[in-house]
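Participant: Next come the chains, spelled out residue by residue.
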Amino acid sequence: MKYAYYPGCSLHSTGIEYDISSKLVAKRMGIELKEIPDWNCCGASAAHTTNHMLGLALPARNLAIAEKEGLDVLAPCAACYNRMKTTELAVKASEQTKQKIANITEMDYQGNIGVKTALEVFVKDAGLEAVKALATKTLGGMKVAAYYGCLLVRPHDVGIDDMENPMLMDDMVTALGGEAVQWPFKTECCGASLPTAKGKVGLKLVYDILSMAQSVGAEAIVTACPLCFVNLDMRQSDLNKKVSGSSFKIPIFYFTELMAIAFGEKPASAGAGKHFVNTSEILAKYNLK
Amino acid sequence: MSLNSEALPKSQEVTAAPEASNQPWEPKIVGFACNWCTYAGADLAGLSRLQYPPSIRLIRVPCSGRTNPQFIIRAFQRGADGVLVAGCHPGDCHYSTGNYFTRRRFLLMQRLLEYMGIDPARFQARWISGSEGPKFQQVVTQMTEDIKALGPNRKMRDVE
Amino acid sequence: MQPINLTSAEAAGRDLVEKVQKASGVDVKACYQCGKCSAGCPVGSAMDYTPRQIMRLLQLGLVDEVLKSRSIWLCAQCETCSARCPRNLQPDKVMESLRIEAKKAGYEAEDEIATFNEKFLRSVAANGRLYEAGLIIGFNLATVQPLKDAGCAPAMLTAGKLKLFPHKIKGKDAIRRMFEKAEKAEGER
Amino acid sequence: MRRVGVFVCHCGTNINGVVDCEKVAKTAAGFPNVAFATDYKYMCTEPGQDLIKNAIKEHNLDRVVVASCSPRMHEPTFRACIESGGLNPYLFEMANLREQCSWVHANNKELATVKAIDLVRKAVAKVVKNEPLQKSRISITKRALVIGGGVAGIQAALDIADAGNPVTIVEKEPSIGGRMAQIDKTFPTIDCSACILGPKMVDAAKHPNIEIISYAQVEHVDGYVGNFEVTIRKKARSVDLKKCTGCGTCQEKCPTKVDSEFDMKLGKRKAIYTPFPQAVPNKPVIDRVNCTKFKTGKCGICQKVCPVDAVDYEQQDELIIEKYGAIVVATGYQQFDHSAYGEYGYGKYPDVITGLHLERLINASGPTMGKIKRPSDHKIPETVAFIQCVGSRDEAKGHAYCSRTCCMYTAKHATLVSEKIPGSKSYVFYMDVRTPGKGYEEFYKRTTDEYGAQYIRGRVSKIYEKGDKLVVRGEDSLIGRPVEVEVDMVVLAVAMEPQSDAGELARILGISVDKDKWFTEAHPKLKPVETHTAGIFLAGAAQGPKDIPDSVAQAGAAASKAIGLLSKVEMETDAMVSSVDESRCSGCLICKGICPYKAIDAKMIQERVGGKMVERQVASVNKSLCQGCGACTVACRAGCLNLLGFTNEQILAEVEAVCL
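Protein chains in written order, with our numbering: chain R, 1 to 289; chain P, 1 to 160; chain U, 1 to 189; chain V, 1 to 660.
Chain R on its own, in the form it takes in the complex:
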């Protein structure tokens, strides 16, 4: 199994843990990742809400490069995946769009290769049995709330799981011996760039998600999106300062970190040391040191 690997900008900076842990999991699963040479930013939501074609062209360039190598793309970042998948579908749907894009990118992406995201490849395709088989440690009943956000489930032709109650990460947590707490905010929006661009509005969304997770007794939240991760992880101290009575201290994990750790990697080498909210405590509690 071999994929063209597309880390995307976040995984090279604020989402570095996701990059590290994804590579570890891939290695353990015998999946070869070949980084797309000289890849560019997918444009995130900034591009397509500013200029429709730009929003398609930026991902298309990366897909075109990958197509040359005849490899499907693995894009862990939910936003990158969503943008690339949207482009893939647009190109497959309309010859005209395909041409327009080609004119802009000066490369022709034919739609012969597609894009998948980490959760798809590591859990959905691999299967829970494979995940169990690789586990050498158990999460020992750790209460984990799986948070999917928007871009992995919507719209439904792009999404990889149920729109209202996705289960892929829940099943993974259970497979690794954790307890996937069921909660209603799995696919609520974290505000994406709003917490940065529009503090007040954005922070409220993060607050709602965190407090719901807290109220259902989650000890940790697991996610598959670097933007969700940053919002949930980095904003907690901020919220504790700004919102009276709130004292969040919920460790956030990338699902790949938990997988890597369960597969026997040191938490530190899986990236768990780089979080804002300390993870050593909970990992210690379930002796996953």
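To be clear, the hints were calculated from the coordinates, so they are not data collected in a lab. All C-beta atoms in this analysis are idealised placements derived from N, C-alpha and C, irrespective of residue type, glycine included. Mixed in with the good hints there might be a few duds.
Below, in silico cross-link-like pairs of lysine to any residue (SDA-like), each with a Cα-Cα straight-line distance of 20 Å or less [to be verified]:
# : chain 1 : residue 1 : chain 2 : residue 2
1 : V       : LYS525    : P       : LEU47
2 : U       : LYS170    : R       : PRO37
3 : V       : LYS466    : R       : ALA130
4 : U       : LYS181    : R       : PRO184
5 : V       : LYS253    : V       : ASP287
6 : U       : LYS104    : U       : GLU183
7 : R       : LYS242    : U       : GLY151
8 : V       : LYS469    : R       : SER211
Label pairs and their calculated CB-CB ranges [said to hold, decoys possible]:
#  : chain 1 : residue 1 : chain 2 : residue 2 : range
9  : R       : PRO37     : U       : LEU157    : 21 to 31 Å
10 : V       : ASP377    : R       : ASN112    : 55 to 65 Å
11 : V       : TYR451    : U       : TYR32     : 21 to 31 Å
12 : P       : GLN142    : R       : LYS124    : 18 to 28 Å
13 : V       : ASP377    : R       : SER215    : 15 to 25 Å
14 : U       : GLN2      : V       : GLU46     : 13 to 23 Å
15 : R       : SER215    : U       : LEU157    : 28 to 38 Å
Position chains P, U and V relative to chain R; hints supplied.
Facilitator: Chains P, U and V in isolation, oriented as in the chain R frame:
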């Protein structure tokens, strides 16, 4: 059952009348429509004032299954540019099974006509229910376009 | 205050509404104003017009209100509205198209968000990739909140999450050209 | 030469506004066999018809063509007209100049006129070949079948029976009563459903002309109007109805408890059960799927305790074949399954229930003895949210149509909740409140004004559990702000949808269903209870969402149609049937296999061949069974079968006429 066609006036009198001459060529399509679905659908198109080319002449039959292949061949012989056989959707036949016969015959018929050198596009079968006025409009419009593209039917016509 | 003259409004708005419908692929007339989009919208309560109202304004051709509204900028593109719309419409696509049109018309009711996107894209246009540190600093300076999130910076640096210098890709000239061409294409629409 | 009269109708400007009617008439006058042609403003009016009758006499016409609207509209009118004018009604044809010419070619008057002339020529060419036809008569079976024993079926049965006709009600459940039996109170009067339905059920049971076959289904239908032959499968009840007294001992003693369908699974019933206390017939049935005796062979208590030894484990399904003159279809509706709504919890939240669930919770003989307790913890809810249009007016997850009843029953529920739970608060999320019935609007206003239900205009986007509460997210679209309410229970006004087996029944009966699978009436306005199949009528929600008053009204209408049919000793059948040219028939009988109505059979004829009589087999058509589809005529290898009124000669003449 030969019908003395000379007994009837040649339509040139009307169709080729001077005022009609400035009209572009309009194909002549003979349509066999079952009384319960397609004929009703055509009426509905009228009730809803849906406009379509004046190319089709509907012949009302109780069931599309009544359409004898002989009728179709005769139509082409007499210079029809297209023939449409239309009835209820399979399973909805007013006589429960009639349109299944239509469906089977259609496939045979089309192969035969193809063999006789008639473009299959000139002979079509469609399922149009009594509630599908818009579909009737669309089918006639489309078929007229297709046949306009093919031009007049010159094969096996014995009038000229 | 004058009552809105719908007859003239509809005529005045027609072109833009057409444009938005074409770009978004959404027939705004099909909206029957049930409000499910607005009920589920995570930022609905922060908007000046709920997504439903945006659709309604478009139905009436009141495009100025729409282009000047903050809502089209606040939309987080989470697509919850589209996922649940009983008429299978896609309000988020409408928001997307409206934002583009608003920018063309020179309206940026939410300048912070506009600025953020602009800085974001500039960074990409310049380097081919997003330089997050640059984006945050540039954005904070532009919006006169220099120390916003600054507390996080040191930790991020040590964690290797913030780079001190942007990474420029080899194809960055190609990227720049893409931006120019897309710009042109957008203008022609 | 024939003497054909051609009458071109202007239909005001409907036709004449596009088609040059005068020119059409003038041209028609030149056609061979045409003795007279004229045009007139309104042919269907009395002066118009007189014009035709007079012309028949003056010009002694022997055939008539009317060029006007669709024959589906006025063929009967004009046939009657020329009949009273002294001609056989079948010496008549129509040219459809309105629906199929003027209305659809308004933008091309010239070619429309050309087409009109073609259509008239076609009609003339056909009518020349028309022959006088005679209708044949068949006797009628004076018995009606009513499929479905809900309020509509019961009403229809009572009306037909009161008129002196024997009626059979076939009900698939163990008891008649249908949905109305599950309902506690009825809007807008808030009278107890059981109190008004109960007596009707008893009346039906006691009526000398009514036979109730419950726990049974219609399996096959043969024949035709006046003489349907119906096969009914009476499912094995495991209880001998003749012996059983309905004492109920078996139900008391039965050790197996299962969820009660009648109580929407909120309560329990036994494995041998009557669905509800007032059941008719009030005699139990064994649910063989859950009965221990049938599962393991052990138990058998019910048989032991039965004082009259009515329990029969060996009982088999029984097939009853019976003849009926008319059939009324009153199979009702089923509830939309809201598990399609992920945003409302995929039907997994115990305290998110449907309207019928609430009916059972309110009902005094229901699982909670009339105390409204929420399913999860039997707590009495203080705040309740109602959500309308769940599965209705929703293409994405349900049906595009409006279910018509939900606005009112939701108002009723809000009223009842505030009556039963003092101090409780109701929130109703709606899109529109539709109250187009007598006293309905007034009832709705009372719900808001006197009972203080809070109506919020907006569709709910999400329901989720928070602690022991349910959070409901909507938009108050009147102020344009997202709103949230925290409630103890949510009641969904789910859509009415066709029974899942409606399509199958339609196939058995040979009637049609619309795009939503409701049975289709023959005409949306003028034939609301008829179907396209003569002798089969529709009553109640099987034809589309309806409340009780409408269902009962329609049942009455269907009954009167059935009574009208059964009141005849015999009826005329269409004269346009197949006929055999015996001299050319080879007796292969391929036609027999093709005929959907079993109208063709073999018959022996005497023939003189070479001086001596020989007997040989030919096909013969039963004129009263033949429905005139013409399938046989195409199948006949010798072409000796012909369909009167649509003969090969007539149709070929039409073909030639339009091709010229």
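Participant: State for each hint whether it applies.
Facilitator: Hint-by-hint comparison with the structure:
This hinted pair checks out: LYS525(V) and LEU47(P) have alpha carbons roughly 14 Å apart, not beyond 20 Å. For the suggested pair LYS170(U) and PRO37(R), the alpha carbons sit about 10 Å apart, so the restraint of at most 20 Å is met. Taking the CA atoms of LYS466(V) and ALA130(R), the gap is near 35 Å; set against the 20 Å cutoff, the hint is violated. With a C-alpha separation of about 44 Å, the suggested pair LYS181(U) and PRO184(R) falls outside the 20 Å cut-off, and the hint is violated.
For the suggested pair LYS253(V) and ASP287(V), the alpha carbons sit about 15 Å apart, so the restraint of at most 20 Å is met. Note on LYS104(U) and GLU183(U): the hinted pairing holds, with a Cα-Cα distance of about 11 Å set against a maximum of 20 Å. For the given pair, LYS242(R) sits about 14 Å from GLY151(U) by alpha-carbon distance, which is consistent with the 20 Å threshold. The suggested pairing of LYS469(V) with SER211(R) holds, with an alpha-carbon distance near 16 Å, which does not exceed 20 Å.
Under the hint 21 to 31 Å, the C-beta atoms of PRO37(R) and LEU157(U), about 28 Å apart, fit the expected range. Judged by the Cβ atoms, the range 55 to 65 Å given for ASP377(V) and ASN112(R) holds: they are separated by roughly 57 Å. Between TYR451(V) and TYR32(U) the CB atoms are about 28 Å apart, so this pair conforms to the stated range of 21 to 31 Å. The supplied range of 18 to 28 Å is broken by GLN142(P) and LYS124(R), whose beta-carbon atoms lie about 43 Å from each other.
Between ASP377(V) and SER215(R), the C-beta spacing of about 18 Å keeps the proposed range 15 to 25 Å intact. Taken as a hint, the range 13 to 23 Å is violated for the pair GLN2(U) and GLU46(V), whose Cβ atoms sit roughly 58 Å apart. Restraint check, SER215(R) to LEU157(U): a C-beta distance of roughly 35 Å satisfies the suggested window 28 to 38 Å.
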